[in-house]
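Visitor: Sequence:
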Amino acid sequence: MDLTNFTGTEIGYYFVCKKKLWLFSHGVKMEHESDLVKLGKLVHQESYEREKKEINIDDKIVLDWREDGLIHEVKLSDKMENAHEMQLAYYLYFLKKKGVTLLQGKLDYPKLRQTKLVQLTPELEDKLKHTLIDMESIIRSSTPPKVNFMNICRSCSYAELCWG
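In numbering that gives the first Met the number 0, the protein residues as written are 0 to 163.
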């Protein structure tokens with residue numbers, strides 16, 4: 000099984016909502032309608048203007064930029080910090096599998112003026128491998144997983160599909 004066959008978006012969705020992951024991976028893409036996604040893209044474009052943006056690798060991952068041996072990932076807020084951390088860990092894992100020895104990155108929250116260093120430790124890599132195996136199982140399922148309503152559902156671009 001190829002554990003580098005996912006996109007960064009799918010990794011993030013796994014930690015936010017497994018049903019959202021399933022829908023997205025089956026071609027249901029609602030982000031273009033989300034004001035939060037549009038705001039996040041604007042913050043990304045307006046922040047760190049001098050940095051070279053978006054390094055696309057194999058149409059699977061898009062790195063925001065690389066500087067001083069760190070991969071940077073820009074996020075609007077830290078409300079889903081675990082999902083952000085695992086997404087960045089996946090990027091580091093993906094690069095490791097490509098032979099890159101860079102094993103750390105930085106989450107940048109420009110609106111909060113905060114950063115968080117993420118290192119691909121053996122423990123984090125093990126957690127990520129288990130996550131990727133579970134993701135494969137979810138995506139291969141013929142039906143989406145059942146989920147409970149969460150506060151985040153109110154602002155989710157998939158809310159109408161799930162709860163409408």
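Incorrect hints may have been included.
Distance condition first, Cα-Cα at most 30 Å in a straight line; then the derived DSS-like pairs of lysine-lysine [as the list claims (entries may be wrong)]:
id	residue 1	residue 2
1	18	110
2	115	96
3	145	78
4	105	95
5	145	126
6	128	115
7	145	110
8	128	97
9	110	78
10	145	18
11	110	28
12	59	145
13	52	145
14	145	128
15	97	145
16	145	95
17	52	115
None of these hints come from the bench; they were simulated from the model. From a predicted model like this one, the values you see are computed outputs, not experimental measurements.
Visitor: If a hint holds in the structure, say so; if it does not, say that too.
Guide: How the hints compare with the structure:
The suggested pairing of residue 18 with residue 110 holds, with an alpha-carbon distance near 29 Å, which does not exceed 30 Å. A threshold of 30 Å between alpha carbons decides the hint, and for residue 115 with residue 96 the separation of about 23 Å falls inside it, so the pair holds. Among the hinted pairs, residue 145 with residue 78 is consistent with the structure: their alpha-carbon atoms are about 23 Å apart, no more than 30 Å. With a C-alpha separation of about 16 Å, the suggested pair residue 105 and residue 95 falls inside the 30 Å cut-off, and the hint holds.
Of the pairs offered as hints, the one joining residue 145 and residue 126 holds, with about 23 Å between alpha carbons and a cut-off of 30 Å not exceeded. For the suggested pair residue 128 and residue 115, the alpha carbons sit about 22 Å apart, so the restraint of at most 30 Å is met. For the suggested pair residue 145 and residue 110, the alpha carbons sit about 34 Å apart, so the restraint of at most 30 Å is broken. Note on residue 128 and residue 97: the hinted pairing holds, with a Cα-Cα distance of about 16 Å set against a maximum of 30 Å.
For the proposed pair residue 110 and residue 78, the alpha carbon gap of about 13 Å is at most 30 Å, so the pair holds. About 7 Å separates the Cα atoms of residue 145 and residue 18, which keeps this hinted pair within 30 Å; it holds. This hinted pair checks out: residue 110 and residue 28 have alpha carbons roughly 27 Å apart, not beyond 30 Å. Using a Cα cut-off of 30 Å, the hinted pair residue 59 and residue 145 holds, with the two alpha carbons roughly 27 Å apart.
Note on residue 52 and residue 145: the hinted pairing is violated, with a Cα-Cα distance of about 37 Å set against a maximum of 30 Å. A hinted pair counts as satisfied when its Cα atoms are at most 30 Å apart, and residue 145 with residue 128 qualifies at roughly 23 Å. The suggested pairing of residue 97 with residue 145 is violated, with an alpha-carbon distance near 35 Å, which exceeds 30 Å. For the hint pairing residue 145 with residue 95, the CA-to-CA distance comes to about 34 Å; that exceeds 30 Å, so the pair is violated.
With a C-alpha separation of about 19 Å, the suggested pairing of residue 52 with residue 115 holds against the 30 Å cut-off.
Going through the hint list in order, the structure does not satisfy hints 7, 13, 15 and 16.
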